[in-house]
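Undergrad: Here the sequence shown stands for residues 1 to 162, numbered as in UniProt numbering.
By construction, these hints were calculated from the structure, which means they are not laboratory data.
Warning: the hint list may mix true and false statements.
[To be verified] Distance condition first, Cα-Cα at most 25 Å in a straight line; then the derived PhoX-like pairs of lysine-lysine:
{"hint": "1", "residue 1": "K133", "residue 2": "K147"}
{"hint": "2", "residue 1": "K144", "residue 2": "K32"}
{"hint": "3", "residue 1": "K66", "residue 2": "K32"}
{"hint": "4", "residue 1": "K144", "residue 2": "K133"}
{"hint": "5", "residue 1": "K147", "residue 2": "K32"}
{"hint": "6", "residue 1": "K16", "residue 2": "K29"}
{"hint": "7", "residue 1": "K144", "residue 2": "K16"}
{"hint": "8", "residue 1": "K133", "residue 2": "K29"}
{"hint": "9", "residue 1": "K66", "residue 2": "K84"}
{"hint": "10", "residue 1": "K16", "residue 2": "K147"}
{"hint": "11", "residue 1": "K88", "residue 2": "K32"}
{"hint": "12", "residue 1": "K32", "residue 2": "K45"}
{"hint": "13", "residue 1": "K147", "residue 2": "K29"}
{"hint": "14", "residue 1": "K45", "residue 2": "K29"}
{"hint": "15", "residue 1": "K84", "residue 2": "K45"}
{"hint": "16", "residue 1": "K29", "residue 2": "K66"}
[Stated by the list, open to error] Across the chosen pairs, the derived CB separations fall in these ranges:
{"hint": "17", "residue 1": "G37", "residue 2": "S158", "range": "27 to 33 Å"}
{"hint": "18", "residue 1": "E106", "residue 2": "L136", "range": "14 to 20 Å"}
{"hint": "19", "residue 1": "K66", "residue 2": "F141", "range": "41 to 47 Å"}
Ideal placement from N, C-alpha and C gives every residue a C-beta, glycine not left out.
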Amino acid sequence: MIILIAAIAENNALGKNNQLLWHLPDDFKRFKNTTSGHFIIMGRKTFESFPRPLPNRTHVIISRQKDFNIPDCIVVNSLDDAIKACPKNETIFIIGGGEIYNQSIEIADTLDITRVHHSFDADTFFPEIDLTKWKLTSQDFHPKDEKHNYDFTFETYSRINN
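Work out the full structure: start from the sequences and follow the hints.
TA: This is how it looks when you write it as structure tokens:
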């Protein structure tokens, strides 16, 4: 199973200058709990936005740079190679960035979205979710509070098999 996991704004914004646009501790906690113990696929820029590799996950990094090498991570040159590097019959999470989401949305089984209820100035965006191909199967709204500056909703979409 291939799951795209992302936090996206109302205008599909993901980030700007390789940085997140918001700080939502409950989203970080959900991301950690959901992806822990799994293979995570990402682009090089997404990987470089982390202070260090994320614990208890196998990182598969897509990069066109021939000499890009990170100890204890798998580096490949394409999305196809990234998927082939992951174990068969296991859940794989694709965690960004925008170009990797664009390449992978057509092969994903599930979208695990944190919808941030605000629009942001951004330079990286999640692809449009085509509701003729995806069905919203669950949602869990969280109002803003002292730790969260924005309302947000955890949303799960399943591919509609036509």
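Undergrad: Name the hints, by number, that the structure is in violation of.
TA: 1, 3, 4, 8, 16 and 17
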